[in-house]
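Novice: Those sequence lines, one after another, are chains R and B.
Note that our numbering has the first sequence beginning at 110, numbered continuously upward.
Note that our numbering has the second sequence beginning at 102, numbered continuously upward.
Among the hints, a few may not be true.
[What the hints assert, rightly or not] Covered by chain B, per the in silico footprint, the following chain R stretches (three or more residues, Cβ under 8 Å): (1) 636-647; (2) 709-723; (3) 737-749.
Since the hints were derived computationally from the structure, they do not count as laboratory data.
Where is the CB? At the ideal position from N, CA and C, for every residue including glycine.
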Amino acid sequence: MLRTTARSALPLGMALAACLGAGHARAQDGEGAEGPRLTRPPALLEFVEADYPEAERQADREADVTLELTLDAAGLVTDAIVTVSAGEAFDAAALAAARRFRFSPAEVDGVPTAIRVQYVYRFRITVEQVAPTTATLAGIVRDRRGRAPLAGVTITTDAGQSATTDGEGRFELADLEPGTVGLTLEGERLTALRTQETLEAGERLEVVYDVTLRDPEDDDEDEDDLEIVVVAPALRREVLSTRVEAEEARRVPGTQGDVLRVVENLPGVARSSVGAGQLVVWGAAPEDTRIYVDGVRIPRIYHEGGLRSVIASDLVQSLDLVPGGYGAAFGRGLGGLVTVRTHTPTGDGVHGVLSADLYDASAMVRASLDDQWRAAAAARVSWLHLMVDAAQGDLGGFVPVPRYWDAQARALHQIRAGETLELVWLLAGDRVSRGVPNRDPALVTQDLRELDFQRVYARWERDGGDGTRSSIVPWLGWDQSLRASRFGDVQTSIGSEAFLAGVRASHRTRVAPFLEVEVGLDAEVASVGLSRAGSIGLPAREGDRRVFGQPPPDRIASEDWGVVQVSMAPYVEADLALFDGAVHIVPGLRVDPYVRSASRRTPREGNSPDIGLFQHDFRVEPRLAMRWDPYRELGLRAAAGLYHQSPAPEDMSATFGNPTLPVSQAWHVLAGTTVRPIPSLAIEVTGFASFSEGLAMRSLAESPLRAQALVPDGWGRAYGAQALVRLDPTEGFSGWVAYTLMRSERQDAPGLPWRPFDFDQTHVLTALLSYTPGFGFEAGVRLRYATGMPRADVVDAYYDAGRDRWQPVFGAHGSARLPEFVQLDARVGQRIELGDTKLDLWLEVQNVTNQLNGEELVFSADYRRREVIPSLPILPALGLRWTF
Amino acid sequence: MDVLRHLRVVVLGLGALACVPDVEIDESRLGAPRLLAVRAEPPEVAPGQVQRYVGLFAGADGVLDAAPLDWAYCLARKPLAELGPVSGACLEVEGDAIAPIGVGLAVEGALPRESCRLFGPEPPPTVPGEPIGRPVDPDVTGGYTQPLRLLVPDGAEIRPSLFEVRIACGLFGATQAESVAYTQRYRRNTAPGIEALELVHQDGRVVTLEPGATTSAPRGEQVTLRARWPACPDADACGDGLCGIDETRASCPDDCSDPAAVGCAGAERFLRFDLGTRALVADRESVRLAWYASDGSFEAARTGVSGDEALTLSENGLTLPEAPTELVVIVVLRDERGGATWREARLRVE
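Isolated chain B, as found in the complex (with noise of 0.2 Å):
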């Protein structure tokens, strides 16, 4: 025993070098209004396209309908010493590398046209007579983004946020062969959608938290809420109204006749250039859920769903508040290509 209390002494006091201090803070809370998250309509364009783009500005009383969101498209690439996500230029009012787009919660705005140099798998804009210079790396997607750049309120400052949407550009590396394959296989990403916002009781009862509609729940409940999300085939099946990454206008002319065709709003396959095996592959979207609530306590901040699982739902324990209050509960999900949605709901804690 006495042993086994000296291993306990000693593995504890490696587990030390293990244990970060707690910093832990509860991202979930709602309390002064922010921004949650952001969506563009549609998620994913080519350069010169046009996009509505959206906030999520929110607070204890819920999602705002208006807010001064100052939006601009950023021009400066970042330099490899940079381990952050943009250039320091980004978060800049203004400057050289801001290019205004507007003013509002959600604003529109052609992408800039020089996207895929200056973000993505084209050679970079070069100076006469110097080398070609690096291109960017691709994201694990296998795709490039365009940062934006967000002057939030926060309280009586402003502060600086950062958007990245996804540009639809070609491949760097590739084969001519593969980059032509991929040009034709490749299905731009899909909103995703949440199918079902769900309150599931301690009893198990289920409950639909419908829009604008509020919910009355039990004071100190432990409950779960589950967020569903349409289901993607695994396979394409010509008919199915989803023009498939294995489906062209010649296979299956039902299925990819119509450019406007919206796709699958849930976990989409999509294709990827792999850098490793220089070979097209297709994967699966993971998709992650963000829960925001004005009072109780989740169980996780985040959970979600990794695009190995065929789970087309996620749940997220919630302690109701123990004094009765009308509760905001907001759920945030966003797919692994960048696109995002929400769903908003309340809560009478009686």
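Pulled out of the complex, with its shape left as it was, chain R reads as follows (with noise of 0.2 Å):
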């Protein structure tokens, strides 16, 4: 049986196209032209359903109008008149509905503009069929880099029909026949994309096209850099990664719009204490896990207090979280891998941004001097310790204060379609200090640190268009560090300076339809010096019972060596694609021969001669990934793979550590789904567990070797689950819910109890909701709870009548935990229009409950009273950020 009703109006067929006024903007005719340009399109806000033509229904005849609407600066329909006629009743129906709309103000460079807008209305009759025979695919388009909905984007499919998205980048293709459909997407800045389909009858399939647009002066360039990503399936090699883009993460609470700050509120990252600014990834150790920038090595990802990324997020173009069981062409890690995508800013001409907050000030500068090289410059520095010293002066010399510097420089140089060469140098600087002094020398205690890296590296890439990419990324480093300490009379310090050099080289090429494969070369060099002078316990090492405050053992020690550390891998990665891709068998090998040497094997004695050593350890790493999306709202995938770390050079003195240290190494495994019950929220779930062996323990024996303080001894295991549910920018919304349940534990060696983790948190969640209406406002909330680490407990105490101090007597290793972390954040931001700039002005409050949450364990003196040191209080920033 067949029921006829007439669906009126099609919203979904609204065509935008800006004709705009002579005077507003500029037809974007995709040839560079300068003028202003449609920086927000309207977006229909209401829709008001025109009357059907009771005469036309009988009549069974459907029709479009096309009009033409003259919109104020508010958005308001002023005007419309019939550019195309269906006929008189059909016009005037059109007319008295689309009179009534409301639209969202268009923006022309960032102002609200009056605009004219073409809008097809489309009468049907709708018939329901009670056995559907056709599809209908919806869906969203939007721009991958801010994930930004595109209108105006044309879908057509190979049968002619065709659908244009609407201001929030949707369209509605109705009435398709079942099977496999051939799209293609176009639109401004667009070339024809392909993409298909398979629909079946009676299906309403949701999709969402993440495509990338051309810069405007690449207009006159072929397609061959043009990408599209469908969201689902995500088409990645990794099977488990966070991609969190710039924009999207510069408005996280919590991170004073830093955008690499991000990555502590990412599923599997434990949160770590105030100022530490550690990334604890699935359990590892946080120098276990390695940071990339552009494929280059950096030491560390924040400023020390951890207040700040050592890049400017004006240069950050995205930043990926891979917590484990990551592909061949990275390795020398045992934890997490976060890789940092950087890029040259596009634009005509010379802008900029300047930053400001409590914090520190930033600048950056870009400029386009012509069609085929562009630069950009960026740098930061600290303030908060003028901010400190003029507010609370005395309080200068016992806070710890972070005092932090970073700059960068890039030029960017476009060879040709789809082959660039970037040239890029990169700079930061930290300094910090305290001091309590006390009228017992005993017990004056100074702290100082000091870390300064630089990175100098040349970025070419080329995408050949026909599915093979190549790029080479050769690089230069600079590291260095001081760590010194002084407890009474105990002065520890600990230097180091390191030379790098390394080359990232990578060629992707498809060898059939089905196989993509990927050989590369990952190679590093360093040659570090190192000196250190006090006490063998302190620093403290991961799994140390000891308590905040406690006097570092007084017995001391010395000694300057060096390490060169050489790895070499290469690598080759396979992406198999089987069932007309829904099936993705990523099998890799990456062969590293982890050689070193250090200067001295024995301690320095007398004046014997330094005797070196030279060791290497030949390691075949085998890494394999496998996707399977039976479903476009379902995906499996697994991943396992073998890594190593050499010993840190810091370990491989012959006094303090181990020169002989072998590498360690981990195996990751993991398997998990992502599930899309709607296009916006994906869902993802992955079960992991990771066991690493030979990793360097303070030596147990009563009298240990020579040159053995560190021995290879110990183990460690972490496994749990992450969860990750996420909401793609929908209707102003978006957020994640990040949530792990983890267990991480070490042995000491062989045969001993295993323990938890120095950094285990049995839960961690952090979840994000951020809501950009329009008009330039911003709101965001993050909340956070996070099971506190473990430490050893005080469970007796005894008199040290020599020293004249009580020494602590600890039970078990995770005898105790610090107290649950419960944390409300919540930013707030406006963007206002200054003529041609933008002033982009927020406020961040963290912890705006003011929760008491504790940071470490103290102890009185004799160790029978035991408190919490607090962590923040509610603690508001400010921050300005002009764009011109």
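Hey, can you piece these two chains together into the complex? The hints should help.
Specialist: Laid out in structure tokens, this is it:
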């Protein structure tokens, strides 16, 4: 039985064309003409359904009426005329309805502007069938970089049906024939892209297409560098990777607009203590997680204190966190992987950003010199110490106020279409010092930390357009660090200076329709000079049983030594796509020789000559990742891999460590699923485990051998599950909930009981919600919960009559835990248009509820009283950002 | 002004991180009898030599003349993974690592002959056929110590305490010439002494607190206690009666011929092998003072003078109680190389 209803107007069939009024904007003709630019198309906010003319419906007539609507700066329809008539009755009905439409204001160069748009009002009679024979394809088209919806993109089937995305990037194609449907996407700055979908009768398939737009200056180039990413399923080689685009990361509460600080909110990442700035990923030690910027390893992602990252946010394109199971292109780390992709911003002329908040001030300037050259530079310097001195002068010496700076300079040369060469220089520096005087010289304490690094690299990339991609990144680096402390007469210092060089090269090609292969080389050479003096117990190591403020052991030693580490790892990785791409099998193999030398095999004794040491550990690292997407809404994945890591140069001291430490290794295993109940919502659940061995631990022997203060007897294991529920930008809302249930343990030597890892946190929950309704306003909240980290409780104490202090007697490692951490942060921001420039103001309030969290246990001098060092109280921070 | 207020909030927030909760205890208050210090006489001997160990066991009524302190040497080496001062085995009542000395407030014992192998620069005992083990690292004065375990009555309980006595050992890691020079020039630690304990009234009057005597002081007054110790010369001078580190029996027989001669009882200069520069350097001992009182309150429980300072005194404010009472004051002076001495005084607060 058939039932006929009148489906009046079809808002999804609305076509918006940027026919703008003269003097307000220009038509985007793709030729890079100068002039105003439509920065925000109007979106239909209030649709009014037209009355279907009864006579026409009786006659079973359908029609399209093309209207030209004039909108004022507020988005109200001030005029409407028919440009393509469908008859008087249809025209009148369409005009009557369209005049009551309400749109969001169109913005030209960021300014609300009057505009004229074309609107096709379609009158259709819908026939509902008891047994459906057609399907519907609906979805959203977004800019891949900022996830912003794209209006005006036309999706056309091979059969000729088409739809154009509305202001929210939505489209709908109804009445499609079931089966495989070929689709073409076309639009402004988007050359025709092809994809296909498989539809079943009666199905309504929701999809999200993330597309990469051409830069305006590239409009005259061919389409080789265009890219389409179908979000479901994600065609990414890492089976477990959380990517955050820079624009989204900037709005995350608690990060003060620092894009890279979003990492600490991702699943699998434990909370680090305030001020530590450490990344603890899947229960691995912070130093076991590798951080790469454009494939170049950097020593740390955050400045001291964890307030800021070391890369200007404006130069960050995206970041990926891969907590484990990553492919053969990376190695030399037992823990996770953070890869930061930077870029040289596009745009005509000279533009820039000035930012300031309570922590620091920064500037970024970019310029396009011509069609082929563009450059950018950024610098930041902290001024928090000046604030502290001004507001609380006598506090300065006690509070470890971080002083930091960083700078980046880069130039990009577009050699030809799809081929670029970029030269990049990175610099970062940190200084933190603190001193606590005391009338007792044995209780005077001082701390000093310094860290500087620089990187210079060139990045050549070529996209052949036929599936081949090549890149070469040669780089040079310099690291310098110093940690010095004094506790009474016991002075400790450890300094290092490293010169590094490396190259990362890869070539990826499609050797068959179902097979892509990538071969590459990841080489790195480091020559490190180190000097250490003082107590062997300071700095503390993971697993040390000690309490905050406890004096270090007062036995001292001293040594200077050097370490050279060479690693030249070729790798190969294949991407085997089966069953029309529903199954991806990605095997990889990486071969790393891990060559290293130490300048001294044994502690220095008298005037005997130093005898060096040369070692190599040839390691083959198999990797395997698999992904199966049986349905668009469901994906299954699994991965496993073997990873190795050279001993830290600091641990290769003949006096303080062990120059013969071998490489340690870890197995990563994971399996999980991704579910997309709707295109804008993704749910990922992953179970994981890692098993490591050969970890450097303090010798437990009463009489350790010389040059064996550390022994590779440690074992580690971490296992658990993580879940990520992520809402892509939808009607102004975006965010995610990340939860990790994990257990991370260490065994100090074979046969000893397993103990909790120092950073073990059973539950880690981060919930983020951002709201950007438009008009430049943004708001967001972040809720964090984490189990407290384990500590060794003090079960007794005894009086040390020689040192005149009480000494603690510890219980088992993990016999106590820090209090659980709960914190709510909030952020509001407003963008203000100032002529051709924009001013962003934001206010972040950390710990809105003034929750009393604890960061560390502290004891009275006789260890009979135990308290908790409080974390940050409610803490507002105001910032501004001027874009010109 | 708003900006400054905002700044203050932020700074105080950051300062909260540096704010350790109040877990202060009054370490200077004398209450139930407890062990306050241990002195070795002489403070530094070679393995096998006899030493006398004296405990300072005192409470609110003053220094006790007798106490059942149970003394023992500990023979257990400390693993590098143990960040405390000694092995946990050293705190046991008995065991293989415990070598009893005696019971009492003062005992005599011969330093274990293997002290320099167990706790000094000499290679530790090894199983035949195994490589040489790692010697113990020196302390900041370049010295090594033998741990002593004490069992001390604490109310109805017996609790362990620790004392480490300095051993006269050689050097590790030095050349033969440096070792010889060190042996020739190093002067063992001399027991420190308190030259005078003075009470400075608010009006500037200075009263010397004599041992065994009771001195009157007005209640509620904020007085200053001052401990003085002998001044030690900054440079050696032949004929001053002190055999300094740059004097030898040949260069100054008057000062260095008598092996039983006593050195300076203040902050002595001593020779140290600097591990960084691999050279013998001269340092001066720092001096620390622990202040105890049965009533009233000190400004600081501990004061001291670092080795960089030439002071031979240390002062501490004492607020006398408001109520009339008799006050016991004990001052313990420790030098950096493990020497200790103490002085008791009594104040009648009127």
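Novice: Would you pick out the hints that fail for this structure and give their numbers low to high?
Specialist: When the structure is compared with the hints, only number 3 turns out to be violated.
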